[in-house]
Each structure stands twice: as structure tokens, then as C-alpha cells.
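Fit chain B to the known structure of chain A by using the hints.
There are 2 protein chains.
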Amino acid sequence: MSETELPEAPAPEQDELDEDDRLRPEFVDAVLDAVAEGDDEAARALVEPLHPADIADLFELTPHEDRGPLAKALKDLLDADVFAEMNDYVREDLIDALTPTEVADLASELDTDDAVAIIEDMDEAEQRAVLRALDPDDRAAIEEALSYPEESAGRLMQRELIAVPDHWTVGDAIDFLRGHEELTTDFWEIFVVDAGHHPVGTCQLSWILRTPGNIAIADVMKREQTLIPVDMDQEEVALRFQKYALISAAVVDSANRLVGMITVDDIVHIIQEEAGEDTLLLSGAGDGDINEPIRLTVRTRLMWLVVNLGTAMIASSVVGVFESTIAGFATLAILMPIVSGMGGNAGTQTLAVVVRAIATNQLTDSNTRWMVMRELRIAAANGAALGVLIGIGTFLIFGRADLALVIATAMFTNNITAGLGGVLVPVTLDRMNIDPAVSSAVFVTTLTDTMGFFSFLGLATLWGLHA
Amino acid sequence: MSETELPEAPAPEQDELDEDDRLRPEFVDAVLDAVAEGDDEAARALVEPLHPADIADLFELTPHEDRGPLAKALKDLLDADVFAEMNDYVREDLIDALTPTEVADLASELDTDDAVAIIEDMDEAEQRAVLRALDPDDRAAIEEALSYPEESAGRLMQRELIAVPDHWTVGDAIDFLRGHEELTTDFWEIFVVDAGHHPVGTCQLSWILRTPGNIAIADVMKREQTLIPVDMDQEEVALRFQKYALISAAVVDSANRLVGMITVDDIVHIIQEEAGEDTLLLSGAGDGDINEPIRLTVRTRLMWLVVNLGTAMIASSVVGVFESTIAGFATLAILMPIVSGMGGNAGTQTLAVVVRAIATNQLTDSNTRWMVMRELRIAAANGAALGVLIGIGTFLIFGRADLALVIATAMFTNNITAGLGGVLVPVTLDRMNIDPAVSSAVFVTTLTDTMGFFSFLGLATLWGLHA
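Sequence order for the protein chains is A and B.
Numbers 1 to 467, taken from the UniProt record's numbering, label the letters of the first sequence in order.
Numbers 1 to 467, taken from the UniProt record's numbering, label the letters of the second sequence in order.
Keep in mind that the hints were calculated from the coordinates and are not lab data.
Note that CB positions come from ideal geometry on N, CA and C, so glycine has one too.
Do not rely on the hints blindly, as some may be mistaken.
To give an idea of the chain B side of the interface with chain A (calculated C-beta under 7 Å), a few residues [to be verified]: (1) L209; (2) G213; (3) V268; (4) D278; (5) I338; (6) V353; (7) F395; (8) F398; (9) A401.
Calculated cross-link-like contacts (lysine-lysine; reagent style DSBU-like; alpha-carbon spacing at most 35 Å) [said to hold, decoys possible]: (10) K72(A) to K75(B); (11) K222(B) to K75(A); (12) K222(A) to K75(B); (13) K72(A) to K222(B).
Every beta carbon over 12 Å from chain B, so not counted as near; a handful from chain A, in silico [to be verified]: (14) G38; (15) D57; (16) K72; (17) G383.
Next up, chain A with everything else stripped away, as it sits in the complex (with noise of 0.2 Å):
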């Protein structure tokens, strides 16, 4: 990556970084050697030039034994700013081995929204403890947010911003952010508000400073707002973010009152989590966070896998009843799998779009009728080519036209009912109130085995074959 560092010098290579920005490993040793040998010194050389985020990449790369060496070598290094950045595992641990008051430290340097994220995960105690060590104001600012639920607007947003009265001038905000030194530099927009603080406006920095100074403001600002109320999912936050192109977002509570602000760079990383959660979810790997201790994985992990065991013994309960035709015509069993595998294959296709399309509010009841019939329409032109497919490979290896046309039947059958279980589950769940991403895979696996082995075994009996 091109970072200049000074304008006179050509742009450094910087050889901590890979083409990708991430640390290299060569990098990485070099660092955690110096630390083995005792050399804070050389330690402290190679990190300083990182950036927050990459010292707190460091940390996450740093096997959980080496850590704390890390930490007592880098000292302030370790600033605020990179515990804001680090993955909440990684920095749970850390945390761990201060005081409340080396916290309430940290906390007092950062915006409420990252002092937020580093406290909102203690235990009571300690969460009381550093709460006492901080002074009124940020103690005051931190146990509001607190009070808002978890991944909601509230623990998302900063108090810090800048509201002006709407019968102020250009000139008039200029003058007031020239004149307070203590106002907070980040922001992007500022927000007009009535007598009652009400947000009745916003003015982008650029209008500002592009509008001479004896205009009114509620002759810049824009009228139509798109405001946050405090208790609003952050998923919802960040799908509003991202579909009316926000930088900044006015936070309300429910009286409508302006209680805070929302910027599009705390936002970022939910629609990133948010959207790449899906694959996690549907396969039942929980947050799947690599830095997730080892007995929370397992049991995440297991718990879903136990459940689908059950459904896997169910399925296979229905071959149980067909254990005489198999008995007596065992290749029914070495092409049994196909079937209900390739429905799994196409049941999961169609899950993954599904659920992808409801996260992002592309599938609601108005479109729901038409993307039924479109994935019908999928499965039908699937299940007859694979049918054909499978049809033609099974009289080619067994040489029986009975056994090709049982085998083609049963495999457009479970596509047709993978392509609608894939639609009519999550979209089930969804209505309700169930994250489909989360349960719809156990559903539709369970269905297209069950079909799969039913329709195969079942025509196969009906059919009377045997060897």
C-alpha cells in the first residue's frame, strides 16, 4: 500500500503489509521474536509506524499465550484507538489483565460509541467498577447508552456532534465552531434543531462552506431527514445506511428529541458482519469468530450438528421401511445417496439465494408469488437434465432401462421439492419472526433426504425391481 508519510519523500514501501494490507507473516515473527528475547525496544521500533488497525491486527495474528508478553512490550502503543479496532475476543482477553481505572482510561479517550463496545462487554462487576473510575460526564454518557439494548441505535451511536438552532445564519455556525475548541472534530454534517431540540434539518460541511455567511441555515439545510430511532436494530441501521447513500444519521428518541448521531465508518463493519453472517448461520458455525474460545465453538457447533443427526435418523428411518427392496436389490443402495444429495445441492442453492434476498429486503410480499414460481421454473429445468443425466449414466453402468427411469423420476421429484422448500421455508420463518438464515437448512436438508430415499425406494417397490 501507498501511504506518504512526507510530502517531499517518495511514498515508502511498507514492508509490514502485503499487497492486501494484511501483516506479513515474516512481520508478525519478527515482532513476537524481539518480545521472546526480552528486546521491548526493537518491538516497539517495528510497530510504531502501524497504523491502530494493524496493531490491533497484530494482536489477533499473536497466538493467546503470547499476548500479554505483547502488550507489556508495546505499553502505550496499545492505545485506545487500537482497542476500538480489535476483534472483542481478543480484546475481552486483554482487557482482562488491566484495572477498572487503566480502562476508565482508555474509555475517557474514545468516542461513547467505542468506550461503549470496550465496557458493554464485562461482567456487572467489573463494568461497575470502571464506571466509578470515570468521571461524570463520560460515566453519564456511557450508562445511557448502556441503558439502550444491545445492537440497537442507542450502543451504536456518539453524543458527541454538532446541532445549531435553525434560526441561526451560515455565519452564525462558523462563528460557533471557530469558537469552541472543545466540540468534537468528527463529523461530516451538522444537524438544525427547533426550541424543543428537534432535528429539523441537515446541512452537509461542504453547503456550509460553500454559502456565504448571512444566509440562513434552514435556507441550506435539507428538509428530509432520514432519522434513527434510538431503539432501532442495528442490521435495520445499517440497511438505511446503505440504501439512502447516509455519511451521518441523526439518532431520535421517542419523543423525537435529538439524543445523538450515527456515522457511516461505525456502520461499515455491521453491514459487513451482517451480510457475511448468512453462511455462517445456515451452516451452524454461530458468529463462526476464529478467535472464539475453543468451548463456545464446540458447542455452538455441536448443538446444531445433534440436531441434525435427529433429522438425519428420520430420514433414514424412511429407508428402514424399504429394507426388503434393498435386501433384494443392493445397487439400490449405492444410487440411493445421488438423489437425495443432488436435492440437498439444489435445496441449498435456492436457500442461499432466499435468504440473501430477504436480509437485503429484495424479497417481501409483493414479489413473494413471482420468486416461487421462479425458482419452480429453475428446479423444473434442473430436475429434467440432471434426470435425463443420471437416467442415461445409470443404463450406461447397470445396463437396466427400469432402474434409468425410477432413478430420473425420483431426481426431478426431490428437485422440485428442493426448489420449493428452498423458497416456502425461510420465507415461513421470516413471517414468523424467525431469522430464516439461522433454522431454514435443517428444514430443507431433512426434506429433500426424506423425499430423495421416499420417492427413489418407493418407486423402485412400486415397480418391483430386484436384481
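Using the frame of chain A, we list chain B on its own:
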């Protein structure tokens, strides 16, 4: 949602949107009914208050065949901003019905990046016709953008930006902004350049507003900048924006000269797409766009299903080897799919976690070995638990200790296979520069199917199990 149109009035209820910012089906129906009845005025009156993003959604929720009449009824409400917000396929649909001059008119109203997004999907003859209809400046800008690779920073950037020389004062910059009406108003930072037009610093607008006019801009600007090479892939651009919490960034050519600007609102939907595509790619559902023509969707999905049919037949041939064992003991056919299926589930969990960790740069060469050990430990724990469970279940149902022991051992073995395969397959593909999300699943499920059948039936044969 709460939008205030006029500060005096209470926030009007937005009847057209539900609580998740989705258009209500009744609203969509009302608009389409009005169009069907030829009452264009009524349709326009309903749609007029909507945000461009919502008008774009309306077209996406409208059945294919009704989109033309809807566009005709809405006339100029269907403006450039609406096209910029629209799904690619739906936009192509509508753009196809326009003349090159009409498309050129739309494009000239937009920033370069949005204009390019509209034009890049047209076929070459149409592109040329549209470019001819543009005025020379716009044409040059768009032609240059099109000269960069698809999905690169050059396509994403806008050329409308504010750059000022490094010898100016803050006051000079403000005078420049006030004195030039033709400049863009959509910017959040200004870039400071040297005589060779190389960026030497970035200035947030808030800093300019907070600084007295006589201060040199070089004393206000931040010298550490994150510069984006013009040929960088959009996925890397998105990760960089996210990692360093950028609002906007300068784009530079190979000589490090400032050529454009990317703002975070253009990146947000890329972050969302790139993060969400893993689920779709892992399942072989392509880009999973529900507006894609059915023919393309069938082709994408069928290709993947056919590959899987091939691997399923390979796995089944393993069953074929043990045909006589099954013929002698058909109960094995009942239990066999449980072992292979559970291995597939466990493999999918590991795969989902690993693919996500690779995509977000969390899994790098520095921690691959640690990750393999982590997944092995998880697989051992889950495999042991599932082995005990299925062993007990088998003993209770079939009353045979030998069968229970065989399936328990096979289950454990297949979980270990799944854990190892789930890490090693995507890591290896990634090192070979193959997207692990696209190809991993085929390899891993083939592995778990084959190993599931082989370990279970092989052990049963070795043990000499029979009815």
C-alpha cells in the same frame, strides 16, 4: 420510518413503507393498478413523494412485463438518480427501451461513477452511440473510466473532487469554494496536491471550518493518507475503506498523480455484496441476483449441480465396492447416509468459517497452522460426541454392539476428515489464487461422502458384520 418534510408539521406517517423501509405490497399494487387503468396521474401522485432508492425498489418489485408501462407513466420521476440506485438487470431492461440520446441525457446528470455503471453493461455498438451523444468533457471522462478493468477503482471513482495546491491558506480554499459555483457539492474532504498534482495531504471539512483563514492548509491537513491505486480491485478497495474507517479517499495513477476520488457511499454496497456473496458462491448459486434472467440462473446453477452429480457418482462407486456386504446386511444401507451426511454438515461449518476468515483477511499465512490445530480440536470434540450419540442410538434401535461400535468409529473418523478438509481445501485453493468460496464445497463434500461410505462400510466388512 420518520421523515420530516416541514419542521412545523409533525413527522407524517410514511404509508408506503413498512417498519423495515420496504415498500408495502398494498402500495405497490395501488401504483400498478393505477397504471393498468391508464390513470398515469394517480400513479405519479403516489410515487412522487418517494426517495429515488424507493422508486428503484418499486421497479424491482414490479413484474417484468409491467415495467415498461410503469416507466412510461412515471415519465420524468424516473430520473438519473433512480437509475443509479437500480439493480443492474432491471436497469438494463429499462435502458434497452431508451434511445442513445436519452441515455446520454441521463448519464450527463450523474457523477462519473454512476454514469459508468449505467453505460458499462450496454453492448459495444450501443455504448458507442451513447458516447457520441455525450458532450466532449463527459465523453472523455467516461471513456477513460471504461478503459480501466471492470470492478477496479478506476470504474468506481468520480472525477468530480476538490484539490487545492499545498501553498494555499485555509482562507484561499474557502474563497475558492465560494467563488466557483460549478464545483461539485458532494465531497467530505479536500485533497491537497503539490505542483505535480501528487496528493500530499487530506483535509476534513470540519478542520477547515474550525481553523482561522490565515493558517496554511499544509498545517491543517493530515499527511498520512490511504491512497487507492486506480487499478485496485473493488474488493480490496472495500476492505481498505473498512479497515481504515475512510469516508473518502484519493485515487492515484501509476505515477502517483491524483486522478479521482472514491467516497464511502459508493463502497457500502460493494462491502455488502462481497460479504454476502460467499453463501451464494459456496452453494454454486452464482451471484444469486433474483432479477437475473432465468436462463442465466439455470445455466449457472446447473453447471455446479452437474459437477456435483459427477462427484456424487464417484462417492457412490465406493458404496458399489461393498455391494455384497450390503446385500448380506441391508441395515448398513439405512445407517450409511447418516455417516456421510453428518461429515458433510461438519465440513460445511468449518468451510463457512474458513472462507469468511480468508475473505476478511483474518486468516493469513501467519496463523494457518494455528487454525488447522483449532479445527482439529473442534472436530475431535464434536466427532467424539456425535460418535457416542449415534453409537448409543444404534445400539438402542438395532440392539447390536458391533454395529454401534462400527458406526461410532466411522462417525469420529469422518468428522476429523471434515475438519481437516474444511481448512486445508480452501487454504490451498487460496494459495493457488483460486477463489475458495467458488470451488471448496465440491471438494469437501466429495471428501466427506467418500470417507463416510468408506470408513463405515469398510469397517463393517472388516468386522464381518452380517444380518
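Open item on the list: Under the constraints set out in the numbered hints, which ones does this structure not fulfil?
Closed with: 2, 7, 8, 9, 10, 15, 17
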